[in-house]
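Asks: Spelled out from the first residue to the last, the chains are:
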Amino acid sequence: MLNISNLSASIDDKNILRNFNLKIKPGEVHTIMGPNGSGKSTLANILSGRKGYKVEGQVFYEGKNLLEIPIEERAQKGIFLAFQYPTEIPGVNTNNFLKTSLNTIRKFRGLKELDSLEFLKLVKEKSKNLKIEEKILSRQLNVGFSGGEKKKNEILQMTILEPKLVILDETDSGLDIDALRIVSEGVNSLRSANRSFLIITHYQRLLDYIKPDFVHVLVNGKVAKTGSSSLAQELEKDGYENVTTE
Amino acid sequence: MKQQELEKSKEYKYGFTTDIENIKAPKGLNEDVIKFISNIKKEPKWMLDWRLKAFKRLKNLKEPNWQKPKYPKIDYQDLYYYSAPKSAADKPKSLDEVDPKLIETYKKLGIPLQEQKKLSGIAVDAVFDSVSVATTFKEELTKKGIIFCPISEAIRNHPELVKKYLGSVIPITDHYFATLNSAVFTDGSFVYIPEGVRCPMELSTYFRINASETGQFERTLIIADKGSYVSYLEGCSAPMRDENQLHAANVELVALDDAEIKYSTVQNWYPGDKDGKGGIYNFVTKRGICKGKNSKISWTQVETGSAITWKYPSCILQGDNSVGEFYSIAITNNHQKADTGTKMIHLGKNTKSKIISKGISAGFADNTYRGLVRISSKANKARNYTQCDSLLMGNKCGAHTIPYIENKNSTANIEHEATTSKISEEQLFYCNQRGLNQEEAVSLIVNGFCKEVLQQLPMEFAVEAQKLVGISLEGSVG
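Those protein sequences? They're chains U and G, same order as listed. Numbering follows numbering that gives the first Met the number 0, in which position 76 of the first sequence is assigned residue number 75; successive positions increment by one, without gaps. Numbering follows numbering that gives the first Met the number 0, in which position 98 of the second sequence is assigned residue number 97; successive positions increment by one, without gaps.
In case anyone wonders, no lab produced these hints; they're calculated from the structure. Check each hint, because a few of them may be wrong.
Once the Cα atoms are required to be at most 25 Å apart in a straight line, the calculated DSS-like pairs of lysine-lysine come out as [claimed, not checked]: (1) G/K421 x U/K111; (2) G/K450 x U/K149; (3) G/K421 x U/K50; (4) U/K149 x G/K466; (5) U/K106 x G/K466.
Here are the in silico distance ranges between beta carbons for each label pair [unchecked claim]: (6) G/E425 x U/S188: 28 to 38 Å; (7) G/E473 x U/D11: 39 to 49 Å; (8) U/V142 x G/Y384: 47 to 57 Å; (9) U/D175 x G/E424: 30 to 40 Å.
Don't be surprised by glycine CBs; every beta carbon is placed ideally from N, CA and C.
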């Protein structure tokens, strides 16, 4: 599904990723952990297409050169980024935004666009699972949302848009235990044989709820170590120091 | 060449010209031309005298020059003041007799005039250059005592009403363009809603400029008698030309006791090309008077077209407890300029006004909100709320807010809020990541920004206006 080889990225002449390699097969859940500034969010940004980076190397998504595909097309082709800091868009109704997004993506996939009634029914069902209060969906997008509401809203969008490759950029940070559990359940309910996840996190605690197939430790823009979910527990105990010296 | 034309028509889809034979007044501005206009419209003598009085006054007036957008000097002697399709010279009695070319033109503009295809629930008066070519639903309205007809017809058939109210809100001495209009106005709509009648449908006028080197001098007069209600909407468009064309309209509204007038404008005159060549000068005087107690006038405008938009739809709140509202969206892209806003003149007690202005600027455009709130010494407990928001796209455009507040009464309550924001890269990226392209993203954000105003439009037009907002900004993000 995703094949990253020798990816290097820099911003303002500062190297962030250096010869980064990663392969994700359909159905796999990968976790990327690492200290602050190791390049985790940069990876998410480059995969989703954010501008401003100097990029070298190759990224193939479903056999196509991802780096050449415009941002919105990546989204239409199934790449979803759950933002670390979801952007506030004043004036834009949350439901309306989500409906526009869903119908754009459905159109791309050759599916019938949903009318307002069908859409509202879908949102109602999905937001109930995530324990999202319906009234926040009639508010302006992310405006005045609490940290937890913003993150849940990202997960809601994910469940509604049904992407193929989900990138969660520190979705767990700032969540209380209850929200963390609900968000994790949301993610788990979407796990399937043809959907892959790339979960970026600081903390092992998320992995109490979501069991990844692989854990990668990112240090100085490179994968320093790869292992199973038990690696995360080791990291929680010993910190990143030991991996750094490799 | 063909490709170029195609590209151009994508930018402004109403830019076509109708090839039709015209009757024109001789070029230039003089008494003979005014007599020509009055004569061809079969006006009574009082009307001609009124025009000539205005013309006399005009000679002593100077064009104002305080506005922000400057323009090259207009040669008033090099314009045609009257141009009408030959086939419409004697206005057809029924719609079946309207020139098919004109029917076709309005069809292309999305305004079907034929009996069987009329827009449901909307009566339309179609003004082509200097004449009204058709008015729909006339009979149905007549049954309720409502008069909806071209103003030239009203001058002939309802002289008592026209005499009483024409120039009562915008006197012929008002200012250069208003006085010019009073001398040479050609057509526009006349509406009278009798006492206690709620107009059962939207009334609407569609203005089309077609002939070149021609100025359009629209005159509209709407009177809502005691306890009546009317919602009126005007739309407009013009062909794409390299020359600048002048549209100088006067619109007067009169609301008597307990009456309400809702006046909406979707202005889509040709804005000029990408380099600022051509486009309409939209210099318009719009003013309403809440003459009676508890009356209300509400202006809603969506200004997306014109090279220069220069207008301040205003309310004189004379009746006690009367209400004035102004909701505005002004979008300027490329080299367009706008200097627009409102005047709320509080004279009566407990009068209330509300101003919501949304200015959007992109490309090299310049957008000014200019508004006056005046509370007179007798307007006890008057209230005003003003909110001016500007949205900038890119870093070569400008937004300005110039509020004037004159308060002579200590019991007044005046609030003014203003914001300026910019569509951020971050917002666009977020939308892109959810599958929307740049233009869709901009349209979504801008429509969100304008929502409060769009909501004021009659349902049928809100959707259209929403699309227009998106189209007007196409190509504004790179």
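Asks: If a hint holds in the structure, say so; if it doesn't, say that too.
Replies: Tested hints:
1. G/K421 x U/K111: Violated - the C-alpha atoms of U/K111 and G/K421 are around 34 Å apart, more than 25 Å.
2. G/K450 x U/K149: 23 Å, holds
3. G/K421 x U/K50: With Cα atoms ~18 Å apart, G/K421 and U/K50 stay inside 25 Å; holds.
4. U/K149 x G/K466: Violated, at about 29 Å.
5. U/K106 x G/K466: This hinted pair holds, its Cα atoms lying about 19 Å apart.
6. G/E425 x U/S188: 28 to 38 Å: 29 Å, holds
7. G/E473 x U/D11: 39 to 49 Å: Given about 33 Å between the Cβ atoms, the range is violated.
8. U/V142 x G/Y384: 47 to 57 Å: Between U/V142 and G/Y384, where Cβ atoms are some 21 Å apart, the hint is violated.
9. U/D175 x G/E424: 30 to 40 Å: 31 Å, holds
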